Amino acid sequence: GESVGLHLPTLSVQEGDNSIINCAYSNSASDYFIWYKQESGKGPQFIIDIRSNMDKRQGQRVTVLLNKTVKHLSLQIAATQPGDSAVYFCAESPRGYNKLIFGAGTRLAVHP
Amino acid sequence: DVKVTQSSRYLVKRTGEKVFLECVQDMDHENMFWYRQDPGLGLRLIYFSYDVKMKEKGDIPEGYSVSREKKERFSLILESASTNQTSMYLCASSLKRDRPHNQPQHFGDGTRLSIL
Chain F
1 GESVGLHLPT
11 LSVQEGDNSI
21 INCAYSNSAS
31 DYFIWYKQES
41 GKGPQFIIDI
51 RSNMDKRQGQ
61 RVTVLLNKTV
71 KHLSLQIAAT
81 QPGDSAVYFC
91 AESPRGYNKL
101 IFGAGTRLAV
111 HP
Chain Y
113 DVKVTQSSRY
123 LVKRTGEKVF
133 LECVQDMDHE
143 NMFWYRQDPG
153 LGLRLIYFSY
163 DVKMKEKGDI
173 PEGYSVSREK
183 KERFSLILES
193 ASTNQTSMYL
203 CASSLKRDRP
213 HNQPQHFGDG
223 TRLSIL
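Line by line, the protein sequences give chains F and Y. 80 is the number that this note's numbering gives to position 80 of the first sequence; each next residue is one higher, with no gaps. 196 is the number that this note's numbering gives to position 84 of the second sequence; each next residue is one higher, with no gaps.
To be clear, the hints were calculated from the coordinates, so they are not data collected in a lab. As the structure is a computational prediction, the values presented were derived from the model and not from experiment. Note that beta-carbon positions come from the ideal geometry of N, C-alpha and C, so glycine has one too. Heads up, a few of these hints could be off.
Okay, derived cross-link-like pairs now, SDA-like style, lysine to any residue, Cα gap no bigger than 20 Å in a straight line [stated by the list, open to error]: (1) Y:K125 / Y:S199; (2) Y:K130 / Y:R224; (3) F:K42 / Y:K130; (4) F:K71 / F:P94; (5) Y:K208 / F:R95; (6) F:K71 / Y:K115; (7) Y:K115 / F:G43; (8) Y:K208 / F:R51.
For each label pair, taking beta carbons as the anchor points, the in silico distance ranges come out as [claimed, not checked]: (9) Y:K182 / F:T10: 38 to 44 Å; (10) Y:R121 / F:S74: 31 to 37 Å; (11) Y:K182 / F:S28: 38 to 44 Å.
Could you build the full structure based on these sequences and the hints that come with them?
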């Protein structure tokens with residue numbers, strides 16, 4: 001399959017465990033954040049987003065936490081499954097900038 | 113579900129050729145984007161469009177142009193392909209014109225372009 005990053009940090013978890021993927025963002029003016037999942041050979045797939053007026057948002061098996069004090073974003077995946085194996089990207093959108101700034105990504109490897 | 117379709121998964125072209133990459137979305141989205149993705153560099157925005165016949169430069173527009181003649185279609189053009197344009201090209205779309213980067217962008221599966 002295609003590799004989206006040669007030397008990405010890797011998080012290895014056992015099937016059934018919870019996963020936490022972290023992201024430090026750079027711009028204190030960012031007011032919108034988003035997580036994507038990218039499987040080998042595919043485009044990024046939207047998972048969940050959060051605006052800066054919230055600290056936490058939940059989806060199906062996923063939770064995003066936002067800590068604006070330390071400019072930190074995390075994605076929690078409950079009961080991780082083999083199909084969750086992928087590269088996960090966070091992205092931020094600063095007010096006044098006309099762009100999304102993407103992080104380098106973290107590879108999640110789920111072992112049976 | 114939003115569907116963003118890129119016309120080719122793999123493309124091989126020669127240096128100096130004019131290359132067209134096509135993208136179509138079926139959800140009546142206002143905004144469309146072209147990115148390239150390279151190992152170690154992440155996703156970088158080339159151009160985006162918030163309306164028919166409108167375009168805005170992204171971070172790396174040099175060597176590229178775009179065309180949006182219809183709302184659902186956004187084309188990326190490499191005017192004279194060079195080897196440093198070998199990359200994965202990703203098209204995306206988002207719904208509302210207001211703050212196009214402040215809402216989910218939905219991606220196609222990419223075109224892997226090799227310039228020989």
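Hint check:
| no. | hint | in the structure |
| --- | --- | --- |
| 1 | Y:K125 / Y:S199 | holds, 12 Å |
| 2 | Y:K130 / Y:R224 | holds, 16 Å |
| 3 | F:K42 / Y:K130 | violated, 25 Å |
| 4 | F:K71 / F:P94 | holds, 12 Å |
| 5 | Y:K208 / F:R95 | holds, 16 Å |
| 6 | F:K71 / Y:K115 | violated, 33 Å |
| 7 | Y:K115 / F:G43 | holds, 12 Å |
| 8 | Y:K208 / F:R51 | holds, 16 Å |
| 9 | Y:K182 / F:T10: 38 to 44 Å | holds, 42 Å |
| 10 | Y:R121 / F:S74: 31 to 37 Å | holds, 33 Å |
| 11 | Y:K182 / F:S28: 38 to 44 Å | holds, 39 Å |
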